[in-house]
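Asks: Line by line, the protein sequences are chains A and B. Read in my numbering, the first sequence has 324 at position 324, and its numbers run on one by one without any break. Each number in my numbering comes from the position in the second sequence (counting from 1) with 1000 added on.
In case anyone wonders, no lab produced these hints; they're calculated from the structure. This structure is a prediction, so every number in the text was calculated from the model and none was measured. Take these hints with a grain of salt, some might be off.
Claimed, not checked - When the alpha-carbon atoms are kept at most 27 Å apart in a straight line, the in silico DSSO-like pairs for lysine-lysine are as follows:
#1 A:400 <-> B:1074
#2 B:1136 <-> A:422
#3 A:398 <-> A:260
#4 A:398 <-> B:1074
#5 B:1074 <-> A:422
One-letter residues, chain by chain:
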Amino acid sequence: MNIARFQTEFDKMMNRDYFSEKVHPMRQEAFIKFLKVGIPTKKWEDWRHTNLSSISKESFRLSDGQDAPKSDIDISQYNINDLETVVIYNGHYLEALSSIPAGVQLLSGLEYLEKKDSGFNSPEHSPFDLLNTAFMDSGMSIVVDQNVIVEKPIRMLFISSGLESLMVTPRVHIDLGESSSLTFIEQHVGESTSFFQNESVFITLGQNAQLNHIRIQSNSVTTANIVNIQVEQNADSQYTFFQFADGSQLGRLNIRAELKGEGANCAINGLALSNNSQHLDNHIITDHQVPNCTSSQNFKTVLQDHSSGVFNGRTIVRKDAQKTDSTQSNKNLLLSKSALMNSNPQLEIYADDVKCAHGSTTGALDTDALFYLRSRGLNILSAKALLVRGFATELLDKIKHDGIRDFITERFDIWLTENSTK
Amino acid sequence: MLEIKNLHASIDGKEILKGINLSLNSGEMHAIMGRNGSGKSTLSNIITGREGYIISQGDILFKGNSILDWSPEKRALTGIFMSFQYPVVIPGVNNTYFLKAALNAKRKNAGEKPLDAAGFLKLIKEKLKEVDMDPKYLQRAVNEGFSGGEKKRNEILQMLTLEPSLAILDETDSGLDIDALKIVAEGVNKYRNSERSFLVITHYQRLLKYIEPDFVHVLIDGKIVKSGGKELALELEEKGYSWLES
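For reference, chain A alone in the conformation it holds in the complex (with noise of 0.2 Å):
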């Protein structure tokens, strides 16, 4: 998408009569800074085994009225067993389908940040930081007041459809206070032909609050999906985060985590599973900014066909971040000659009393493994199938929600038939 397809868009953006002029400033100043930068290339570091052109070459437009569902949806398709379910679709928050627990405040993305006096969260860490500030329009903030345990996840379901290129710019806030805990799903799924999400997901998380944050990116394998999730950690906060990965042409994850309280704690899980020429990518950071934190990151990705993948973590400790207990680890899984990994777990690390360990394989199925299960009996493809699913267990097990870890297994099961047979 050329540069002057984005002024276009950003135009019609701003002459929309029912956005908040409040925030029209703060679009303006984020656009022309995305301007001067554009969308990164492969002479970018942070970037450079991600091929953008997807987003580049394609001319998207704003999701409009005209791409709200001509008729009601059926959602039972994506049905996990007990949550509660906010439905949005093409970018259009459907009331109708939706339904919030009590002691939780729903707002529009909007809303929220009108509410917020000040100093609301606009980093710049990428464009596509800056592309979110410029065009974000739909997407829920959920705000959890202190001491409320909200028993039923929310889940955020994001549907995109249609034969038209869309761009849709999710802004999604989760405030939890004091003491507060929330499971949080992020679901995304659509059979669109050509659609760019770009989400930028803000996170803040009270003294002692715990978020379980689970995403699932299960939509179309045409579609490119860039998301950059915020983290602010207070004191012996909990931040678990589970990625599972099976959708999207181009998949992007940047997750930034900072560790501001001390005794907070940091978890960061993902599992990918890509075939033909898709591309699933992870950026990680963890920063530690205060003593006694802990922190860990365990990505894995398996990979078919001419698939590829990057993972990049990258955990900071800082100088007074003493006493930092701190764990990376990456493993991938080569099922094709023709798959290609990036891995590249970093520690930076300026305190000098922490405990930090990473690691990272990359590799083919284990031949001698294969070969003990097939000398019990097991034909060849029971036996491959078995490793593989055997590899990802020691994530699919950290879901803890009953529901949500049958519905991902059931995902996982269902790509293994399809890929193990090549």
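Given the coordinates of chain A, work out where chain B should sit on it, guided by the hints.
Replies: For chain B alone, coordinates are given in the frame of chain A:
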């Protein structure tokens, strides 16, 4: 049961087996003894179908059929089993799940109905007792965190569960303390009957004190240089292998 005829095999261009002839009848237990590098493990790998070896001459017949072109799973389903010298650790694969899948593959092949979870549990609990294993092993990943002895007992557990007609015990005594060795030997001895054959591959005669072979063969440099009864094992214990080397 098993007939090996003039078997020549090489790996990476190096000839390891140089004309092996061996015939095992139903109910017989044969031991193959030899030093490291004599070709013992190559022989057991080739019988079970591990890839990577080139068979330049000879044949292996199992129950009258040439098996050289058979996949490892076909050999297993037809009744060949090997207790591995180094059982493989398979993270994330639950021992129960694996054993049940293997048993049901075998039942399916034999035209029997698969066992359900309850039926399998009942069966496996009996087998566990025979090798003195705690049921908690079933909940672990295959061989993960198992001691050397536990791994070998797990191999025998698999043998008792899958009920092969030919069991190859590849260096089953290595890594076993005397108590574990006795338990393993007892499991094997109980499993012996007139329908089942064993090929015991070993370096030392230690195991053969507890599992008495009918025949002992000495393998040196890819050839069987001497065959005899169980007393041959004792002779080897006393004299070593060098008197048989040319």
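Asks: Going through the earlier hints one by one, which of them does the structure break, listed in rising order?
Replies: 1, 2 and 4
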